[in-house]
Amino acid sequence: MIFLEHLHFLDFAGVAVFAATGALAASRKQLDIVGFIFLAAITGIGGGTLRDLILGKLPVFWVQQPAFIAVCVVIAVGIFFSAHLVESRYRLLLWLDAIGLASYCVMGTMIGLEYGISPFAAIVTGIMTATFGGIFRDVIAGEKSVLLSDEIYISAALLGASSFALLMSFQVDKTIAITIGFILAFTLRAAALLFGWTTPRYKSRKGREVK
Amino acid sequence: MIFLEHLHFLDFAGVAVFAATGALAASRKQLDIVGFIFLAAITGIGGGTLRDLILGKLPVFWVQQPAFIAVCVVIAVGIFFSAHLVESRYRLLLWLDAIGLASYCVMGTMIGLEYGISPFAAIVTGIMTATFGGIFRDVIAGEKSVLLSDEIYISAALLGASSFALLMSFQVDKTIAITIGFILAFTLRAAALLFGWTTPRYKSRKGREVK
Amino acid sequence: MIFLEHLHFLDFAGVAVFAATGALAASRKQLDIVGFIFLAAITGIGGGTLRDLILGKLPVFWVQQPAFIAVCVVIAVGIFFSAHLVESRYRLLLWLDAIGLASYCVMGTMIGLEYGISPFAAIVTGIMTATFGGIFRDVIAGEKSVLLSDEIYISAALLGASSFALLMSFQVDKTIAITIGFILAFTLRAAALLFGWTTPRYKSRKGREVK
Numbered sequence: 015m016i017f018l019e020h021l022h023f024l025d026f027a028g029v030a031v032f033a034a035t036g037a038l039a040a041s042r043k044q045l046d047i048v049g050f051i052f053l054a055a056i057t058g059i060g061g062g063t064l065r066d067l068i069l070g071k072l073p074v075f076w077v078q079q080p081a082f083i084a085v086c087v088v089i090a091v092g093i094f095f096s097a098h099l100v101e102s103r104y105r106l107l108l109w110l111d112a113i114g115l116a117s118y119c120v121m122g123t124m125i126g127l128e129y130g131i132s133p134f135a136a137i138v139t140g141i142m143t144a145t146f147g148g149i150f151r152d153v154i155a156g157e158k159s160v161l162l163s164d165e166i167y168i169s170a171a172l173l174g175a176s177s178f179a180l181l182m183s184f185q186v187d188k189t190i191a192i193t194i195g196f197i198l199a200f201t202l203r204a205a206a207l208l209f210g211w212t213t214p215r216y217k218s219r220k221g222r223e224v225k
Numbered sequence: 015m016i017f018l019e020h021l022h023f024l025d026f027a028g029v030a031v032f033a034a035t036g037a038l039a040a041s042r043k044q045l046d047i048v049g050f051i052f053l054a055a056i057t058g059i060g061g062g063t064l065r066d067l068i069l070g071k072l073p074v075f076w077v078q079q080p081a082f083i084a085v086c087v088v089i090a091v092g093i094f095f096s097a098h099l100v101e102s103r104y105r106l107l108l109w110l111d112a113i114g115l116a117s118y119c120v121m122g123t124m125i126g127l128e129y130g131i132s133p134f135a136a137i138v139t140g141i142m143t144a145t146f147g148g149i150f151r152d153v154i155a156g157e158k159s160v161l162l163s164d165e166i167y168i169s170a171a172l173l174g175a176s177s178f179a180l181l182m183s184f185q186v187d188k189t190i191a192i193t194i195g196f197i198l199a200f201t202l203r204a205a206a207l208l209f210g211w212t213t214p215r216y217k218s219r220k221g222r223e224v225k
Numbered sequence: 015m016i017f018l019e020h021l022h023f024l025d026f027a028g029v030a031v032f033a034a035t036g037a038l039a040a041s042r043k044q045l046d047i048v049g050f051i052f053l054a055a056i057t058g059i060g061g062g063t064l065r066d067l068i069l070g071k072l073p074v075f076w077v078q079q080p081a082f083i084a085v086c087v088v089i090a091v092g093i094f095f096s097a098h099l100v101e102s103r104y105r106l107l108l109w110l111d112a113i114g115l116a117s118y119c120v121m122g123t124m125i126g127l128e129y130g131i132s133p134f135a136a137i138v139t140g141i142m143t144a145t146f147g148g149i150f151r152d153v154i155a156g157e158k159s160v161l162l163s164d165e166i167y168i169s170a171a172l173l174g175a176s177s178f179a180l181l182m183s184f185q186v187d188k189t190i191a192i193t194i195g196f197i198l199a200f201t202l203r204a205a206a207l208l209f210g211w212t213t214p215r216y217k218s219r220k221g222r223e224v225k
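Protein chains in written order, with my numbering: chain A, 15 to 225; chain B, 15 to 225; chain C, 15 to 225.
For the record, the hints were derived by calculation from the structure and aren't laboratory data.
You may find that some hints are simply not true.
You can't tell identical chains apart in this list, so a pair holds if it fits in one copy or across any two.
What the hints assert, rightly or not - Distance condition first, Cα-Cα at most 25 Å in a straight line; then the derived SDA-like pairs of lysine to any residue:
hint, residue 1, residue 2
1, Lys158, Leu207
2, Lys71, Leu207
3, Lys217, Gly92
4, Lys158, Trp211
Produce the entire structure from the sequences given, and follow the hints as far as they go.
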């Protein structure tokens, strides 16, 4: 019970931090308060919505638990009136976003496994849960997608999702597997934020023009 | 029966006006006739498709009633050959679009409620039905999203959807609730078009740089 | 049996060539290897995922057969280390892409018909299967959508899907219908590539300004 509540806390925290990044994108576009709520909701619930669609777990989670939407509304309204404070703490937000990424890649994978799909498909589902909210946010706000940035991002989700799935396949205790998956994903993302870690990029070589 | 036909008329009218805006976006991009049909269909049926996916009402509505696709084809072909006339009547189109927005936010909410979801989730579903067709159109056509424009748009959908849901929760007659929801949404959007009404925007304050 | 294996070969070949175009888009954006895999997977499985969602055939195909994801990973890794060779063979890739387009428009339509939907809706589903992977790729990579290019593309999918559906409605043998649909779509796309065939575009006329 306590464990489940802990998970729900993580879930709401994940929605909240992603919603906050959506609201901050809205502040950069100088939208109105409804625009803040709209972008916050799409970012907060987008990844989980896609996960539920792909699994066929319908209606999607926020239809069954509208409190997730309420969290997005509260966060969006709060940031509309305080973004001048929060945005000066953008560094803090990146860290909250790292928490969201780390919890979502593990929980998306866990929900896939609980739904009975293969570990490999569950890892893909976990990565999607962690990344697609941000993709929707960037596409709708007309900003460069997080996927195209130099910072390690998807790799951290891959590490968290695959380590969790691997541990579960070895019958490791679920709480331990969640904790390790979360810590690995968060640590990799944190290292990228602290030390500017990047992964090797594809570089065009001589004699070829890159469009 | 007459009431239901009236609703279906509203539904087809909504698809038709949104399809028309998609075809006009295609004319601005100077696409071929198949491109007109493609963008018209995505705009016309996109919001309702997302609604059905989220509710788990599958296959989606236009698979069960392909007449909705036929409406998009007819509208797209008509506009391909007459956009030089219609586009000079762009103002008229904005008014038709306002009719589509107003009817869709109410009908999306109604379908959600009929499907048994909570009023709060139904309002979210209604707003999505009314707005996502235009978002798909703008993203695929590479135009600035309607969400980022100065005009009141999503707020009108919010007003129509929430007033309809509120009236339904007070057991008001469905036809009256639909009519009031439609009128409120349409009037707010119409006022925005007539008088340039906007909502208060987030403004950055001193000492902070907005990207 | 042999026929089914042949179909599966076509299916995997379609995923593989679309995944290759996604990985090449990643090389143009100079992403890391995880970015290559991500864009390759979205492009390879995106159209089929949307098809399954719309039909309500859930979980989607790659959850049930993760080998499709594995194909995308292999292709993406291969191209990450060899894109300097492959991209100099971009013309070859366009031809492989034409094979993917031609096989997908027919197979998407076939899956729709097998699922019991109307021929008209099945044609729409087939066109979406063939085109949406590329749309997702272009939107996420921030490139101009294939829909907006001058080359014949969607029209080829329309030709393949509708000719296949027409032949099936006349009780033509399925293998023959598939072959003809494939050849028609591929030939039209090939002609566009070889001879620069385009379809008549909408042109603005006097006295009207095109945005």
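These are the hints, each one checked on the structure:
1. Lys158 with Leu207: Within one copy, since 18 Å is at most 25 Å while 31 Å is not.
2. Lys71 with Leu207: The answer is neither: 34 Å in one copy and 40 Å across copies each exceed 25 Å.
3. Lys217 with Gly92: between (43 Å within a copy, 14 Å between copies)
4. Lys158 with Trp211: within (20 Å within a copy, 30 Å between copies)
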